[in-house]
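Note that the protein sequences, when read in sequence, are chains A and B. Under our numbering, the first sequence has 225 at position 225, and the numbering climbs by one with no breaks. Under our numbering, the second sequence has 181 at position 181, and the numbering climbs by one with no breaks.
No lab work stands behind these hints, which were simulated from the structure alone. Values in this document were obtained by computation on a predicted structure and should not be read as measured data. For each residue, glycine too, the CB sits at the ideal point set by N, CA and C. Hints should not be assumed to be uniformly reliable.
[As the list claims (entries may be wrong)] The following label-pair restraints were derived from C-beta to C-beta distances: (1) A:Gly-231 to B:His-155: 44 to 52 Å; (2) A:Ala-64 to B:Arg-28: 45 to 53 Å; (3) A:Pro-63 to B:Ala-166: 45 to 53 Å; (4) B:Ala-31 to A:Gly-236: 54 to 62 Å; (5) A:Pro-155 to B:Pro-184: 21 to 29 Å; (6) B:Pro-184 to A:Thr-29: 23 to 31 Å; (7) A:Ser-38 to B:Asp-154: 41 to 49 Å; (8) B:Ser-35 to A:Ile-93: 38 to 46 Å; (9) A:Ser-38 to B:Arg-38: 22 to 30 Å; (10) A:Pro-176 to B:Ala-104: 39 to 47 Å; (11) A:Gly-192 to B:Ala-185: 51 to 59 Å; (12) A:Asp-101 to B:Arg-38: 36 to 44 Å; (13) A:Val-85 to B:Pro-184: 38 to 46 Å; (14) A:Gly-192 to B:Asp-154: 32 to 40 Å.
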Amino acid sequence: MSRAYVLGHSEHERRRLQLQGAMLAPYTTRFFVEAGISEGMRVLDLGCGVGDVSLLLGHLVGPAGAVQGVDIDEASLSVARSRAVQHQFPNVIFDRADIADFSTDRRYDAVVGRLILQHMEDPVGILRRAAPLVRLGGIVAFQDCTPGLNVPSWPKCPRMERALDLIARFAVLAIPQYAAGTRLYHWFLDAGLAAPKVETRVLTEGGPDSVCYEWLVETLRSMMPRAISLGLAEAGEFNLETLAAEIRQEALETGTPMNAAVLTGVFSLV
Amino acid sequence: MLASPGISEDQMATSQSYIMGHDDRERRRLALQASVLRPITERFFEDAGIGAGMNVQEYDFSLWVPSWPASALNSRVMRVFVELFPKLTHANAGSRLHHWYRQAGFPAPRVSGNVLTDGAPDSRYYEWMVESLRAILPRAEQMGLVQPGEFDLDHIAEQLRAELLATESTAAGIIMMGAYSNKPASAPLEPAA
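For reference, chain B alone in the conformation it holds in the complex (with noise of 0.2 Å):
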């Protein structure tokens, strides 16, 4: 069964191509979402204990907090990203993380999700969720899932940023769960049934 076009449900659960490409504008916007996403995982590895295990932090696309007064463009843009991870990609990710634990034979895993709620007006979050969409925008548009020209990537950042501040509210709510686990010392790893 095809998952989206050219991509199996095989290709998608195994070793698919990283759906945001590899040049220099995704490399810039990693650097972005490093910035825009330390703090909470920051916290995250300090419920972890740094050093006591394995971590993994992942998205978790199958609910977003929405903002409070609505802001019309950030849920426009957040709808592109919700509707285009699961034709992609497993967009419940992070839900999934302790099952992915367990089947790779760590004990239960300590799972603990935080949203990224930022309304800041000197937030990097608005030019981080611009290069997102910008990584994202060919193939949402050849799914139909954006309409050409639909968004103006030069200035949307502004308009986000002008948004959020008119409303007095906080940017849509992105979800990152993440999970920490001991790899038993002596025991080799046996994973679940």
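Excised from the complex, chain A in its bound form (with noise of 0.2 Å):
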């Protein structure tokens, strides 16, 4: 059984998670055609949450291909059904289960994963039982970002530095595996999965339109109950109604990109 997702599952949440998914698709999209997704092929993605991936893989496997995505959160899911309706994709469905223990007869031409081992208990045992769930040949390809670790922005805009010491200093405490990104390649192996690949990245975000601001500022919106309660925030400390504004201003007016997060991808062929 999964343990209980640290961010919550509120509505901000699920916003938040799509303002995530805006700003990291194009390296999900990239990372997934470099591990060979394509055309036609029939994907897992597991921990799917509002559907960000599932979408994305939509459009990679396109009408002939299908994507299954699975998620504990009902509510998740109901938004993800709706977004797949809108965006008229009818070979994208979505499962309740959860994936510490999901399995299933079918088998995939992939199974995938994106920020989803970082909350889990026991990341490598999932990787064990996704394998098995991959066609021969098939592709095993997670995405996961080491929340611990900063880059340092420069020149210095203070707003925007203490939000992402804050993100970083509660996932130290709050999340289980804070330092997946960096640990994602030992998993591989350790879960027997033959000569990982792995590419990591910086995500510098910025500029007058770009979605980073607001993404920071619901990202502190959905830990800040427990980071007031781990005494790493003070009640009151930030105007969340705002922040993404006074950031946005900082960062402009600075010329300040924000090193959002370093994400990291691994993949293997089974």
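From these two lone chains plus the hints, build me the complex, please.
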């Protein structure tokens, strides 16, 4: 059984996930293409949340392929299903399941997951169970970040820096696998997956139209109650209604892009 | 103010001599480096669109991505670079690229970062790291960051390789930041204030 998702299952968390999905889409698309995911494939997306990765896969596999997203949170799946209808992906379906003990008789061309193993008690166990779900020669591909690690932005932006630092310190205390990105390669080998390929990118975002400011503040919003109880932040320290605009203005005035995350992707052929 | 023995802030910011030296061994090290960095450089150029504008890639030693499980020798070698570079040059050159582009008058560049994470048994990473270490070792010893004789340069590549394979980890991740921007077709460059 998965332990409770640290950032909760609220409406604003689902909105945060969509902002995050928009920000990460180019990196994830590129990673999946490099891993070999292509038209006509059947793909399983473990821990699909509100469906960003599944919908992105829907584009990659096209109408001849199929995508199944699974997640434990029914409210998130409901959002994901609506988005699949809205974007006209009849071949992208969503099912409720706990990925910690998910099993099926189906076989897939690829099993993937993004930013999910960091929340799991036993990430190696999930990778071990993923391998038999993939046909011979199929792909296991996971992407995860290292939320406890920040590349300092320059010139300094105090508000942005404080927010990113708080997220990193919160991650170390609250996220079960806060160094997931750096551990992913070893987890693959530990799970018996051969010759994993690894790529790591620094997500640098910025400019007047970026969603990164809003994403940063929504991340704070999701973690704030717990961050306060952990003694990492004080109640009222941030005005979350105005903070995104303040950070945006600060970043544009100083010309500072935001190093938002370090994202690692690892894939292996079964 | 002296940033390090014999090097002023002005020299550091303008035309200081290339800190890795100019001999045949350094040229060989650069060839190794090109080979090791090729995948992430290609990825960056694809992002930029070849020929679309001005492209620059720079290291960023303000941080490195640690190996896991920790590999002691790899970490020790990385610490030498991370401690030495701020004393000699802009260690966070990669993160400064955006600002430098703007100061030079380019439109705000798109910045992307790649981290060199390599753990393959046949990688040229090990040899490249050793040749890089060899190039900076005299300065590092002079500054007291490394004890004379601490590294056996003839065997360290194999030791690094053995360590990473034994621990099943990737090498400590060296960060490369890239920036690209398009020069306006008609207007001259206008440096940011």
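Going through the hints against the structure:
1. Evaluation of the 44 to 52 Å hint for A:Gly-231 and B:His-155 yields a pass: the beta carbon distance comes to about 48 Å.
2. For A:Ala-64 and B:Arg-28, the hinted distance range of 45 to 53 Å is satisfied, since their beta carbons lie about 50 Å from each other.
3. A beta carbon spacing of about 47 Å between A:Pro-63 and B:Ala-166 agrees with the range 45 to 53 Å that was offered as a hint.
4. Between B:Ala-31 and A:Gly-236 the CB atoms are about 57 Å apart, so this pair conforms to the stated range of 54 to 62 Å.
5. Against the hinted window of 21 to 29 Å, the Cβ-Cβ separation of A:Pro-155 and B:Pro-184 comes to about 24 Å, which satisfies the hint.
6. About 30 Å separates the C-beta atoms of B:Pro-184 and A:Thr-29, a value consistent with the hinted range of 23 to 31 Å.
7. Checked against the given bound of 41 to 49 Å, the beta carbons of A:Ser-38 and B:Asp-154, roughly 46 Å apart, stay inside it.
8. About 45 Å separates the C-beta atoms of B:Ser-35 and A:Ile-93, a value consistent with the hinted range of 38 to 46 Å.
9. Our hint of 22 to 30 Å for A:Ser-38 and B:Arg-38 holds, since their Cβ atoms are close to 24 Å apart.
10. Between A:Pro-176 and B:Ala-104 the beta carbons are some 45 Å apart, a value that agrees with the proposed interval 39 to 47 Å.
11. For the pair A:Gly-192 and B:Ala-185, the beta carbons lie near 55 Å from each other, so the given range of 51 to 59 Å is met.
12. For the pair A:Asp-101 and B:Arg-38, the supplied restraint of 36 to 44 Å holds, since their beta-carbon distance comes to about 42 Å.
13. For A:Val-85 paired with B:Pro-184, a C-beta distance near 43 Å keeps the hint of 38 to 46 Å intact.
14. The given range of 32 to 40 Å is respected by A:Gly-192 and B:Asp-154, whose C-beta atoms sit roughly 36 Å from each other.
Going down the numbered hints, you'll see the structure goes against none, and every one checks out.
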